[in-house]
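For the sequence shown, the positions run 1 to 486 when my numbering is used.
Hint data in this document are derived by calculation from the structure and do not stem from the laboratory. Owing to the predicted nature of the structure, the values given are computational and were not obtained by experimental measurement. Note that CB positions come from ideal geometry on N, CA and C, so glycine has one too. Everything hinted at is true.
Heads up, simulated DSSO-like pairs for lysine-lysine below, C-alpha to C-alpha not over 30 Å straight-line: (1) K86 x K108; (2) K379 x K369; (3) K379 x K256.
Cβ pair distances, simulated, as ranges: (4) A394 x G120: 18 to 26 Å; (5) M93 x S216: 44 to 52 Å; (6) D174 x E342: 41 to 49 Å; (7) D219 x D455: 57 to 65 Å; (8) E354 x G120: 15 to 23 Å; (9) T372 x G343: 24 to 32 Å.
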Amino acid sequence: MKADDLLNSLEHVDPELVAQAAKPPKKTPSRRPLWVGLTAVAAAASILVGIALWPGGSPAVTQAFAVAAAEYPEMAPYPSEADYLKANGDLDMDAWRACYDAWWADRKAQLDQPEGYDSGLEGYYAASLVQFLGGGGTENRVYSPLNLYFALGMLAELTDGDSRQQILDLLGQDSIETLRTQARALWNANYCDDGAVTSVLASSLWLNQDVPFVQSTLDTLADTYYASSYQGEMGSAEFNQALQTWLNDQTGGLLKESADQIKLDPETVLALATTVYYRGRWAQEFNPDNTAPDLFHTPEGDVTCDFMRQSSNSAYYWGERFSAVGKTVESSGTLWLILPDEGVSVDQLLADPEAQDFLLSNGDWDNQKHLTVNLSMPKFDVSGQMDLIEGLQAMGITDVFDPAVSDFTPMTTEVDEIYVSQATHAARVMVDEEGLTAAAFTVLAAAGGAMPPEDEVDFTLDRPFLFVLTGAAGQPLFAGVVNQPG
1 MKADDLLNSL
11 EHVDPELVAQ
21 AAKPPKKTPS
31 RRPLWVGLTA
41 VAAAASILVG
51 IALWPGGSPA
61 VTQAFAVAAA
71 EYPEMAPYPS
81 EADYLKANGD
91 LDMDAWRACY
101 DAWWADRKAQ
111 LDQPEGYDSG
121 LEGYYAASLV
131 QFLGGGGTEN
141 RVYSPLNLYF
151 ALGMLAELTD
161 GDSRQQILDL
171 LGQDSIETLR
181 TQARALWNAN
191 YCDDGAVTSV
201 LASSLWLNQD
211 VPFVQSTLDT
221 LADTYYASSY
231 QGEMGSAEFN
241 QALQTWLNDQ
251 TGGLLKESAD
261 QIKLDPETVL
271 ALATTVYYRG
281 RWAQEFNPDN
291 TAPDLFHTPE
301 GDVTCDFMRQ
311 SSNSAYYWGE
321 RFSAVGKTVE
331 SSGTLWLILP
341 DEGVSVDQLL
351 ADPEAQDFLL
361 SNGDWDNQKH
371 LTVNLSMPKF
381 DVSGQMDLIE
391 GLQAMGITDV
401 FDPAVSDFTP
411 MTTEVDEIYV
421 SQATHAARVM
431 VDEEGLTAAA
441 FTVLAAAGGA
451 MPPEDEVDFT
461 LDRPFLFVLT
471 GAAGQPLFAG
481 VVNQPG
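With these hints in hand, go ahead and build the complete structure from the sequences.
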């Protein structure tokens with residue numbers, strides 16, 4: 001569902017009907033400083049970028065500490081009818097409606113961004129989907145396009161010259177000013193923390209206290225990317241633990257194994273991290289009674305796993321070499337499920353221009369028909385980890401990895417030959433009867449089918465398939481390949 005569609009649909013919803021149908025959501029705490037973190041179990045993505053000296057560094061203080069905290073937009077909570085019940089059990093409609101109006105105003109303010117704010121990203125999304133999802137062989141692949149966008153945007157602020165221009169070119173922007181405008185709009189359009197939907201974006205800077213930094217650059221990162229700042233001794237156990245704790249808190253512990261491997265070397269000048277924390281429930285949940293084991297045909301042979309089943313009247317999409325359906329998340333986006341035709345591999349589909357267009361269409365597709373879709377899909381928990389350096393270089397970002405040509409003067413003018421030496425991305429997506437959770441982690445550190453003839457179709461995901469999770473604003477939060485459901 002696109003942001004405009006969501007706005008329009010919510011605009012015309014009768015609050016009384018919503019009150020009758022809404023399930024009381026779990027309460028979430030008010031926004032805390034980022035170093036306290038988020039602890040709710042939900043979907044997430046995170047990015048870490050480390051920048052190091054070449055060839056050496058210098059010691060700093062022995063204790064890591066926070067120096068600034070980001071301030072997030074205040075959002076009225078989604079009105080749970082359980083909070084507005086009178087003593088006799090009736091709903092206090094006036095009080096509930098007032099809360100609903102306040103919630104709706106805040107929700108609309110986040111989604112209501114300038115027209116065309118996401119223009120220029122099509123090339124980046126298409127290139128990164130092919131680059132980071134293809135070539136997985138028999139393994140699962142998953143990553144967060146939007147999360148990587150924010151990491152690259154922050155990296156652009158720290159660079160200049162060709163180092164910056166290569167990032168701008170990939171992200172489809174002609175200047176750092178237009179990138180800032182777009183990044184701020186994307187951040188707000190994809191931020192929601194109202195107790196019903198959680199889509200929280202966070203950023204942080206990890207600073208070597210012995211290195212002087214350009215304050216205006218740090219201010220811009222705080223203003224555009226809501227980045228908190230921390231200072232400490234690079235390479236110390238205390239500072240590494242602080243960073244690992246921050247990553248685990250921001251991602252709900254979903255990426256603990258990957259986060260606990262992150263360490264900053266003594267040579268590190270600065271590191272930056274961004275996270276996307278997403279939680280959503282299906283608009284129409286699967287009935288657990290209909291879940292039953294069945295065969296999934298992996299590239300390595302058949303395996304048995306639990307399949308969720310549901311029939312509904314919804315849109316069915318098709319192309320020359322694929323078919324697809326969308327599973328809506330309540331008051332948010334859609335999980336798009338794309339099944340290659342028999343005999344068509346996932347890699348072949350990723351290389352197909354028509355399939356690429358559909359992956360980024362968010363349902364805006366001519367070949368579609370509303371009918372009864374008998375959906376059968378496996379419960380899955382897929383994760384993956386990849387080195388991004390070759391992929392980013394293949395997409396045109398090269399200078400930041402080369403100390404001889406990289407330009408990091410917007411970050412500091414006191415250190416020469418700074419470069420990015422490590423780039424790792426890990427991600428995880430989990431789907432069950434109630435909804436989905438997803439997590440991604442990236443480190444950049446220095447040192448089909450045809451139109452159905454009838455009005456009913458069976459859509460069975462029993463072989464490798466693609467998925468794209470879009471948020472309320474229609475941006476791809478996560479994308480992946482499921483070769484092995486478990």
